[in-house]
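Q: Listed below, chain by chain, are the residues.
Number of protein chains: 2
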Amino acid sequence: MSKTAVEIRTGAYYDSVVLMQLQRSLSEQPGVLDAGVVMGTDANKDVLAHSDLLAPEVRSAGPDDLVIVVLGEDEASAHDAMKKVDDLLTKRGAGVEVADYRPKSLESAARMKPETNWVLVSVPGRYAAGVARQALHLDKHVFLYSDNVSLEDEIELKRIASEKGLLVMGPDCGTAIVNGVGLGFANKVRPGPVGMVAASGTGLQQVSSRIHQMGSGITQALGTGGRDLSEAVNAVTTRQGLDLLSRDPETQVIVLVSKPPSPGVADDLVKAARLAGKPVVVDFIGYATSLRQVDNVHFATTFDETARLAVELASSSPEEGLSVDLNLERFSPDQRYLRGLFSGGTLAYEALLILQDYLPAVYSNAPLDKGFRLTDLLVSKEHTLIDLGEDEFTVGRLHPMMDNDLRIRRLEAEASDPEVAVILLDVVLGYGAHSDPASELAPAITKARANADSSGRYLEVVAVVSGTDEDPQDMHAQVEQLEAAGALVETSNDKAARYVGRLLRGLNPEINPKIQEPMKSVDLSFLQESLAAINVGLESFMESLVAQDAGVVQVDWRPPAGGDQKMMAILERMKSKS
Amino acid sequence: MSKTAVEIRTGAYYDSVVLMQLQRSLSEQPGVLDAGVVMGTDANKDVLAHSDLLAPEVRSAGPDDLVIVVLGEDEASAHDAMKKVDDLLTKRGAGVEVADYRPKSLESAARMKPETNWVLVSVPGRYAAGVARQALHLDKHVFLYSDNVSLEDEIELKRIASEKGLLVMGPDCGTAIVNGVGLGFANKVRPGPVGMVAASGTGLQQVSSRIHQMGSGITQALGTGGRDLSEAVNAVTTRQGLDLLSRDPETQVIVLVSKPPSPGVADDLVKAARLAGKPVVVDFIGYATSLRQVDNVHFATTFDETARLAVELASSSPEEGLSVDLNLERFSPDQRYLRGLFSGGTLAYEALLILQDYLPAVYSNAPLDKGFRLTDLLVSKEHTLIDLGEDEFTVGRLHPMMDNDLRIRRLEAEASDPEVAVILLDVVLGYGAHSDPASELAPAITKARANADSSGRYLEVVAVVSGTDEDPQDMHAQVEQLEAAGALVETSNDKAARYVGRLLRGLNPEINPKIQEPMKSVDLSFLQESLAAINVGLESFMESLVAQDAGVVQVDWRPPAGGDQKMMAILERMKSKS
Numbered sequence: 001m002s003k004t005a006v007e008i009r010t011g012a013y014y015d016s017v018v019l020m021q022l023q024r025s026l027s028e029q030p031g032v033l034d035a036g037v038v039m040g041t042d043a044n045k046d047v048l049a050h051s052d053l054l055a056p057e058v059r060s061a062g063p064d065d066l067v068i069v070v071l072g073e074d075e076a077s078a079h080d081a082m083k084k085v086d087d088l089l090t091k092r093g094a095g096v097e098v099a100d101y102r103p104k105s106l107e108s109a110a111r112m113k114p115e116t117n118w119v120l121v122s123v124p125g126r127y128a129a130g131v132a133r134q135a136l137h138l139d140k141h142v143f144l145y146s147d148n149v150s151l152e153d154e155i156e157l158k159r160i161a162s163e164k165g166l167l168v169m170g171p172d173c174g175t176a177i178v179n180g181v182g183l184g185f186a187n188k189v190r191p192g193p194v195g196m197v198a199a200s201g202t203g204l205q206q207v208s209s210r211i212h213q214m215g216s217g218i219t220q221a222l223g224t225g226g227r228d229l230s231e232a233v234n235a236v237t238t239r240q241g242l243d244l245l246s247r248d249p250e251t252q253v254i255v256l257v258s259k260p261p262s263p264g265v266a267d268d269l270v271k272a273a274r275l276a277g278k279p280v281v282v283d284f285i286g287y288a289t290s291l292r293q294v295d296n297v298h299f300a301t302t303f304d305e306t307a308r309l310a311v312e313l314a315s316s317s318p319e320e321g322l323s324v325d326l327n328l329e330r331f332s333p334d335q336r337y338l339r340g341l342f343s344g345g346t347l348a349y350e351a352l353l354i355l356q357d358y359l360p361a362v363y364s365n366a367p368l369d370k371g372f373r374l375t376d377l378l379v380s381k382e383h384t385l386i387d388l389g390e391d392e393f394t395v396g397r398l399h400p401m402m403d404n405d406l407r408i409r410r411l412e413a414e415a416s417d418p419e420v421a422v423i424l425l426d427v428v429l430g431y432g433a434h435s436d437p438a439s440e441l442a443p444a445i446t447k448a449r450a451n452a453d454s455s456g457r458y459l460e461v462v463a464v465v466s467g468t469d470e471d472p473q474d475m476h477a478q479v480e481q482l483e484a485a486g487a488l489v490e491t492s493n494d495k496a497a498r499y500v501g502r503l504l505r506g507l508n509p510e511i512n513p514k515i516q517e518p519m520k521s522v523d524l525s526f527l528q529e530s531l532a533a534i535n536v537g538l539e540s541f542m543e544s545l546v547a548q549d550a551g552v553v554q555v556d557w558r559p560p561a562g563g564d565q566k567m568m569a570i571l572e573r574m575k576s577k578s
Numbered sequence: 001m002s003k004t005a006v007e008i009r010t011g012a013y014y015d016s017v018v019l020m021q022l023q024r025s026l027s028e029q030p031g032v033l034d035a036g037v038v039m040g041t042d043a044n045k046d047v048l049a050h051s052d053l054l055a056p057e058v059r060s061a062g063p064d065d066l067v068i069v070v071l072g073e074d075e076a077s078a079h080d081a082m083k084k085v086d087d088l089l090t091k092r093g094a095g096v097e098v099a100d101y102r103p104k105s106l107e108s109a110a111r112m113k114p115e116t117n118w119v120l121v122s123v124p125g126r127y128a129a130g131v132a133r134q135a136l137h138l139d140k141h142v143f144l145y146s147d148n149v150s151l152e153d154e155i156e157l158k159r160i161a162s163e164k165g166l167l168v169m170g171p172d173c174g175t176a177i178v179n180g181v182g183l184g185f186a187n188k189v190r191p192g193p194v195g196m197v198a199a200s201g202t203g204l205q206q207v208s209s210r211i212h213q214m215g216s217g218i219t220q221a222l223g224t225g226g227r228d229l230s231e232a233v234n235a236v237t238t239r240q241g242l243d244l245l246s247r248d249p250e251t252q253v254i255v256l257v258s259k260p261p262s263p264g265v266a267d268d269l270v271k272a273a274r275l276a277g278k279p280v281v282v283d284f285i286g287y288a289t290s291l292r293q294v295d296n297v298h299f300a301t302t303f304d305e306t307a308r309l310a311v312e313l314a315s316s317s318p319e320e321g322l323s324v325d326l327n328l329e330r331f332s333p334d335q336r337y338l339r340g341l342f343s344g345g346t347l348a349y350e351a352l353l354i355l356q357d358y359l360p361a362v363y364s365n366a367p368l369d370k371g372f373r374l375t376d377l378l379v380s381k382e383h384t385l386i387d388l389g390e391d392e393f394t395v396g397r398l399h400p401m402m403d404n405d406l407r408i409r410r411l412e413a414e415a416s417d418p419e420v421a422v423i424l425l426d427v428v429l430g431y432g433a434h435s436d437p438a439s440e441l442a443p444a445i446t447k448a449r450a451n452a453d454s455s456g457r458y459l460e461v462v463a464v465v466s467g468t469d470e471d472p473q474d475m476h477a478q479v480e481q482l483e484a485a486g487a488l489v490e491t492s493n494d495k496a497a498r499y500v501g502r503l504l505r506g507l508n509p510e511i512n513p514k515i516q517e518p519m520k521s522v523d524l525s526f527l528q529e530s531l532a533a534i535n536v537g538l539e540s541f542m543e544s545l546v547a548q549d550a551g552v553v554q555v556d557w558r559p560p561a562g563g564d565q566k567m568m569a570i571l572e573r574m575k576s577k578s
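These protein sequences, in sequence, are chains X and D.
First residue of the first sequence? That's 1 in my numbering, and the numbers climb one at a time after it.
First residue of the second sequence? That's 1 in my numbering, and the numbers climb one at a time after it.
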């Protein structure tokens, strides 16, 4: 009959890798059916129960107690195996080259290898904040793998870090790639143009791996810990990361990955991303957006799509929105408003949809938000976009695609308004439409622009020509006439609307998004230095660094004061006073 | 001093093109400064007022009255011009070849040209429903350009049409392309693989034009009228269009464009689109979605993106979700549940996000919806997806990316459940992770599948391998080991989740979406016939058809009973009785 042997070691601390290895070794002993080596948490006891390893003595073990259970074919096998525990623990780490000397503290590790710029922390959660605090005190960036760190500690650590221009990735940060070196769990991804900031571990791994699989690569991949984008933490590390990558000349495209943040934090981050000066792909997994692109910010919904977009953007020419010089000095100081005069209802609707991400209010006879309905359809107000194809303009009258009369009258009126900077209009070609709309619109545009010019103003007219080269109007000739009249012609309605949005934001600087700047920018120089780290915790992380030829010092860490919480608190207080 | 001449013609009806031409001709008369020729609606009076053309006599004109205003340099010029009105009206249509004989009614037009399959209606709104009803009575499809048709009439017309297997595009339908012939406002778009259904006129024009500009083309582009996707109309025409294009062998990709429908209608249409059997690109302009793809349905947010996606999908190989044969017969009748065992938290999250579009409930220790939280983490329930990297499994234990023990134990348990059909797991490679996870997982998979096999079951194991070819584990070898064990290996998490979703929907047919079938399918044959139409209303639409070499009969339409509403109602009743 099978028999269980149990041993409980109170207050013992071992690296979890060591525990796993011990469990494996015990399972392989002769006559052993199964074995469990875990800390005595409730969850672990449940797991033991599920594998029929929960002997009665185990129930009273606490979370600081090491529980060793061996199920043998008989009593002798179980006990023989148990006797080997100390031997097996001593043999641990065979195959791992242990450095001749291991410092016992962070301070001595830092003295041993002053070029270290990072500290990796993977000790149990309740000790982790203390170690991270020491690391910041030593002016090192922190990779904080440990979970079960309190929210208060996270906020405090990130406050200290941001004051010093240091990064705290984590807590519960599983992965990062800094200067080509993977920290924690990280894939070997070739260098390339994409920089990442991620609050999600396997999100970062999957996206960076897919980028590699697609033939591209990354500059840096910074983890933040899953709680960074909460209201309480307020995305301190994510903001630092965005700021850092926007300044990094090697990074051409930025990727931001996170589970859906709180709406306020999400909005703020999108605003910050819009000011990054390079394309940003945002995957707030499961976060619904009604547009895929706002300025330089592209929204993706899965890791795969995120990777694909980032690779595409990195290999394409700079985006229209960023490369066009807005030449704001052409306009006179009073010019700041848009007047849109559309004949196509849904073109007007799409333009309004896009412009709402740029302008606080666009008035219309068919607004997206009823609060912006024009009181007098014939009199524009601030930014206004009119759909001249709506019923109120077409009862007993031809549609504006056939009859330009009303639109030309309106164009004249709008253009003479000294506060108007931009006229946006559509020119819809095809059967049924006016046989040569440009022949009527172009002279009106020429006249409007000349009038503005003679009053010392510059009038930008943007025309969206919707049609094909086989349309009866001869699209090419239509475009030429409009361009000759000085209009900027686009064939894509959304591209035109985004350009107009950018232009108007430029002319109305007070509506530009305000973003929270990092307290102190992280110095870019560390991206040029080779990564060298002090590792406190899981030895496997040290082994990874060794395998990647990165400099590393392993601290021979033991719980302070033997794990005694009160004693720890006293020590901590003494240290902070020193 | 300038002077205004005014004439009001009570109850006169003229085609709006005629009115525009008259206004232009009057403006060009000697000594004339401006002219207005409009029906006397309030909106038109506002417009006249804005152009200083609102003479006092005009104020009392009603919407059925034709208002002619001429502003002359002096009284004589204004009056001289006004005297020419009748002359100018007679000269109208110069340059348009008028057929020798024009039938006065739809019935006689249909007799004249029995091969006509469409009736185009662009008479004023209050007469339009009557004409459309006659057209349906004659078994013709209807293109209903007129606006100001009541909602009740629209519902009634579409009910009649759907019972007869006919289409009513509109009211307020501006555009369509049927068998290469543009109706209303339509661009000349080359034939190609994309079929469209659109509740938005310029949306249809812009997307079809962009598709043409991108080098591709369309099969059919069906308009529905803007109100079709309201709750009241319940998308009758859109459903018919989707159904038609899903059966049309020429259409490889379907595009659906509309302003955002009511959520209920949107959900129903997405369900219908998922059953279309080909890729569908949906642009519910401004409609927020948290995923870009569900099955064969792709969500786009602008016309440009819609066109680009449609062209890409038409030129790419059939989608994974549609081309893979699910081989459902491999499974035993009781097998129907998913068990997901993830080591990566965000991979699990993304999989849950995708699966919620396929399965009514997926239980988890980290569910998207708290209602689906597992009560006992160690015991799965129906469809379950576990994140083994969550704190409850890792306190005092190695992360499942390093230690496969817990996952393998769970895999064994899940696989022995006779109701389980699919095991989904991730294998995350890279530094820090287990040095050879497949060496442990593959034997467990082999064993689990063999056990299932010996009990007469088929166990599908899907493994998402996340990593690169430069990772220390040798990704290629990992994939090989897993495949040798019989696992289906994917590198894309979302692709894997979508495949699993489809498989489970196949095994649980009761959860498949129910969709409202059209009352009677529209016969595909009309897509093979040349378009021939009867045009009632705007002559310019007839001219377009002539220019496109389509057969057309123009009805010499006049308001019934001279526009007398009561008389019209009596005539209508008499007709429906006959």
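If you are wondering where the hints come from, they were derived from the structure by calculation, not from laboratory data.
Treat the hints with care, since some could be wrong.
[As the list claims (entries may be wrong)] Listed next, the in silico DSBU-like pairs over lysine-lysine satisfying Cα-Cα at most 30 angstroms (straight line):
#1 D/Lys-495 / X/Lys-447
#2 D/Lys-45 / X/Lys-278
#3 X/Lys-447 / X/Lys-271
[As the list claims (entries may be wrong)] Derived coverage of chain X by chain D (criterion: at least 3 residues anywhere in the stretch with Cβ under 8 angstroms from a Cβ of chain D; other residues may be distant):
#4 200-209
#5 426-432
In this text the structure is predicted, and so the values were computed from the model without any measurement.
All residues carry an ideal CB built from backbone N, CA and C; glycine is no exception.
Q: Against each hint, give a clear statement of whether it holds in the structure.
A: Hint by hint, here is what the structure shows:
{"no.": "1", "hint": "D/Lys-495 / X/Lys-447", "in the structure": "violated (56 angstroms)"}
{"no.": "2", "hint": "D/Lys-45 / X/Lys-278", "in the structure": "violated (51 angstroms)"}
{"no.": "3", "hint": "X/Lys-447 / X/Lys-271", "in the structure": "violated (39 angstroms)"}
{"no.": "4", "hint": "200-209", "in the structure": "holds (count 7)"}
{"no.": "5", "hint": "426-432", "in the structure": "holds (count 6)"}
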